[in-house]
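Fit chain B with the ligands to the known structure of chain A by using the hints.
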Amino acid sequence: MSSWFDYTINGLVVGNIYALLAVGLALIFGVSHLINFAQGSVYSVGAYVGLVCITYLNTPLPLTIAIVLASCGLLGILIERIGLRPLQGRTRIAPLLATIGISLVLDQIVQLVFSAQPRALPSQVPDWRFVIGGGSIGALDLLIAAIGLASAAVLFAFLRFTKLGWAVRATAQDREAAQQMGVDVDRVDSAVFAIASALGGLSGLLVGMYYNNISPAMSFQATLKGIVAQVIGGVGNVPGAIFGSLFLGLTESYGIALFGTSYRNLFAFVILILVLISWPNGLFGGRRSLPPEPLTGTFIAPSRPVLLPFWLVVALVATGLLLPVVVTSPYVIQTLSNAWLYGMLALSLTLVAGTAGQISLGHAALLAIGGYASALLALDLGLSVLVAIPLAGLITGLIGTLLVYPAFGLRGHYVAIATLGIGEIVSLVILNWESLTRGPIGITGIPPLAIGKHDFYSAPAVYWLTFAVLVGLALLQRRLLRSPLGRTLRAIRDDDVAARTYGINPNRYKGLAFAFSGFVAGVSGAITAHLYSYINFETFTSQISVLALTMAILGGLGNVFGAIAAAIALVGLPEIFRVASDYRMLIYGLALLLLIRFRPQGLFGTV
Amino acid sequence: MTTLLDVSALVRRFGGITAVNKIDLAVTAGEFVSIIGPNGAGKTTLFNLISGLDRPDSGTVQFAGETVTGLAPDHIAARGLARTFQHGRVFANLTVRENVLIGAHTRQRAARWPALPIGAALEFVAALIRPTWMRDEQELLDQEVRDILGIFGDRLLPRIDDPAHSLSYANRRRVEIARALALKPKLLLLDEPTAGMNQTETAEMKALIGELKRRGQTILLIEHKLDLVMQLSDRVVVMDDGIKIAEGPPQVVRHDPAVIEAYLGHPTLGAAEKVVAAEAS
Ligand SMILES: Nc1ncnc2c1ncn2[C@@H]1O[C@H](COP(=O)(O)OP(=O)(O)OP(=O)(O)O)[C@@H](O)[C@H]1O
Ligand SMILES: [Mg+2]
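So the sequence lines, in the order shown, correspond to chains A and B. The opening residue of the first sequence carries number 697 in our numbering; numbering runs sequentially from there. The opening residue of the second sequence carries number 9 in our numbering; numbering runs sequentially from there.
Extracted from the complex, chain B is given alone in its bound form:
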């Protein structure tokens, strides 16, 4: 078992508040780990720090055997990390197909030529000439896009050439996941993939994430819907006010008094918290 992600003593402060406070977290290959916690606990901030969109004040992130702390997000993506966004960040004017193809950006030959002016200039020339290998590559990727979209049944395939801005909310969330899968990530970070979805859609998403897990995809998931978390996770990490307050198998965490306290003691009781409270009692 190799450790894929190793976060140690990570800290991020915003003015007065410490959004992420000395968080340690390790994920081994093939594992399914969930992060839960009340609103404002620092979960998304932690994802931002891991994926390179934000820099920590202190602490380190190791990914696939390398220290990637403070590295730009594009470099981290190139090492095999993909993430989705809590509020959805699809490319509105790109079609579904193009959105997913961007997920495969780092796997394109021309895009991997070093970022020196020369590599970039060659990429430009290749784009204009479009040599055979590039056309073949694009064709392969195109087939791959169809395969990935196939996972979502007929939710996305019929809309493959529609611009993302014309999709329903749930479909945009699905496009995000499809785009992340196109990166062939070693580690997939999902930030509340079922946020804003109705029950049917949530059940569908749960089945889909379960399927990804069965295929051996390593996943780090942020989620408020606890039945999903409890059923799929190998391990659950609970955050509150930037601090990790509990960690362990779902059954153990569920009954941890600190967790119940954190959820109950919080002023904003949401659906997720009620589930914990109900299950605990």
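Same shape as in the complex, but just chain A:
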């Protein structure tokens, strides 16, 4: 591809594919005020169903499309029926977290069945190209355009002319009123999930044929792109989602033309953040207020925390300290050191998500900032590791707060989306800022942990260091929670309107929460970097962010001890029992789903 014409065609085609994803997201948000993080997984399931049809069953294209539509539609109905309907009437964050769990489970099943290796998805469309002016259009381009238009037309007709379509529109306008008027909203939910998933699956199939390449990893990016497109057009707005998708597709395509491929996603996320902050109702919405509030009032399951008696805390700390003396297996000790590092991450997230109520889905970025900061301070400035680590913590606290600061005005689901986007931006900046971060190569030769001239190589030494840092940070955080400041943070979480009415400036306290949280995560990332001696932009993946959230929920939101216990349970135990890593993500996803369904307050209760 070379000409602007080609870039335009490519942008429109990609935009069409995004539109199939985003329209579904918009429909779902419309009727149930839910951002469906499993949309990308359905999309990747669609691609793999297509793969089975094309390569094993040799079905003709129309039949392939029909099978993908039917199976993904069915999957959507199952997701709604099994995963989400039981959560009706629960705190508003529950279904959002459930879709994250569902997406982990689906992605992992796909990966277990088809392996993580990318596969070729042969296009069933002849490779004709029509030359027009300076560029050309392929038959597949035309097919995708036709499918996009046809889907839009069918959807429009459905919403406009069928009884179920009217019910969908009525539910989107006012769910309660529709229910009182006799609309079966459960059926509407089912229908909307079926349509959204069928279109999402179709999108996956088309994308696979377009790039002749599919992999389980495509799911996450697809969810993100769908969300970005939807936010641009205004969440819940179906025509807006189509416009947002084409806009996003074109921007990406022209962006690639001007700056190169590695910037592609950066545009999407920068646009996301800009739109969220400046036009929270989408480019077509008014500017005056935020969209209908998906999360007002308490969104955290009410519960009483389990209080640990003082002697038990002392006993646990003593046990932790003595463990390397008793347990001689270096493998176990290393694993536990790793769990302590994750424990710091869980502490950090449980403070912002649990105590302050700001669900962050980009927490791995804080690890990355901490890791890079410490590595660069030690390598480029020659600071000793002992100085570099806390300094990296401070830097992470500062940068983390500044990055999220523009999004402080957002609430509920929008915070989750914004932090997700910011997390992606951080990792893309790390990838592209070669002069500072060494780009895709990563940083090698990071000096090991050391005190003075003594390097920390032995497993027990690392263990004691990480354990001591963890306990120190946990005690600090506990002290914070019990201070007037902790009370203020929890008030903001429970009801930020009431909090503001009583003189609390939420930004000030969100800033403090993110700063401390950034410090804690930054220290964890820094220690990790010195332990690994090599990090790159993929060391701290977005899966770690989801894992951190699972830990925070498992332990009980805001619960300091719970966060640490959850880190042992989710990182330590699977490692000690040598669960294969493919199954581990599956376990995390299932754990998240079961928790939300049966024990939303976590093991030790919300603080």
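These are computed hints drawn from the structure, not numbers from a lab. Heads up, the beta-carbon is just placed ideally off N, CA and C, and yes, glycines get one too. Heads up, a few of these hints could be off.
Unchecked claim - Covered stretches of chain B, as calculated for chain A (at least 3 residues, CB under 8 Å): (1) 70 to 82; (2) 86 to 100; (3) 114 to 124; (4) 128 to 142.
Stated by the list, open to error - Short, incomplete list of chain A residues facing chain B, as computed with Cβ under 10 Å: (5) ARG1178; (6) PRO1180; (7) ASP1190.
Said to hold, decoys possible - Quick partial rundown of chain B residues pointing at chain A, CB under 8 Å, derived from the structure: (8) SER59; (9) LEU109; (10) GLN146; (11) LEU148; (12) PRO171; (13) ARG187.
Just chain B with the ligands, lined up with the frame of chain A:
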């Protein structure tokens, strides 16, 4: 007599409807003013505009000698205005004690340090170090919380360490009022404090509000239960469709033909309206 609250020509539109339409309202220190009106008259919207949760399309709000129009709610609270919410907004996971302490948020020394990063950082450090003055302050506030809860007899004191979500509906409404009192407000806005309460609870609430009035608390009250309004108010303001249709002493307003018309002419006749109709006839 100083004018504490001075609202002039306040307007707030939502799409096609004008929820608050050129409302003028003045409250002097020590006064007890009630706002009544049928459902959807714009009373709560007016409270939202005064307390800063919503911004007016036009008009001004002056509070304690300052123009506070469009100011953020936390700034208005810091100037001494407290309000309760019609549907109740307690902090569900905080205990009764903590809920009331949040009411005293603006009176804490560390929280008043300016919102610059420095002030916030110092507040953070103070929270971790917990110096003596902070502990003393918290102890004083804690005593104050007990005193405030004492006003409600043994409704709340025995439950002081229970999380608010475990309280009965009426008790949650009481916690709201306790929280508002902890701010030591110059002006207290109460939005239907007896909504959803039974007769005994309503009588208790009436006695309590009467007691606050006797202590000299300036109060602006929204209420549908008219006997309460008529007995306690120095002045009554009647709103309908966003417009102020009458204002004056309770006895005068009660017999105002416009008021009776507004209540009778409204499609949804509630308990309150029937009282007016009955009293008027
Ligand atoms: N955020 C909003 N968006 C759109 N319309 C609103 C909004 N808030 C209030 N309204 C409308 O403004 C009008 C006044 O509402 P408001 O809640 O102020 O009435 P009220 O006098 O407090 O009624 P009630 O006695 O039922 O509490 C109503 O028609 C209401 O539907
Ligand atoms: Mg009201």
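How the hints compare with the structure:
no., hint, verdict
1, 70 to 82, "holds (count 3)"
2, 86 to 100, "holds (count 8)"
3, 114 to 124, "holds (count 5)"
4, 128 to 142, "holds (count 8)"
5, ARG1178, "9 Å, holds"
6, PRO1180, "6 Å, holds"
7, ASP1190, "4 Å, holds"
8, SER59, "6 Å, holds"
9, LEU109, "6 Å, holds"
10, GLN146, "6 Å, holds"
11, LEU148, "12 Å, violated"
12, PRO171, "7 Å, holds"
13, ARG187, "7 Å, holds"
Hint 11 from the list above is the single one not met by this structure.
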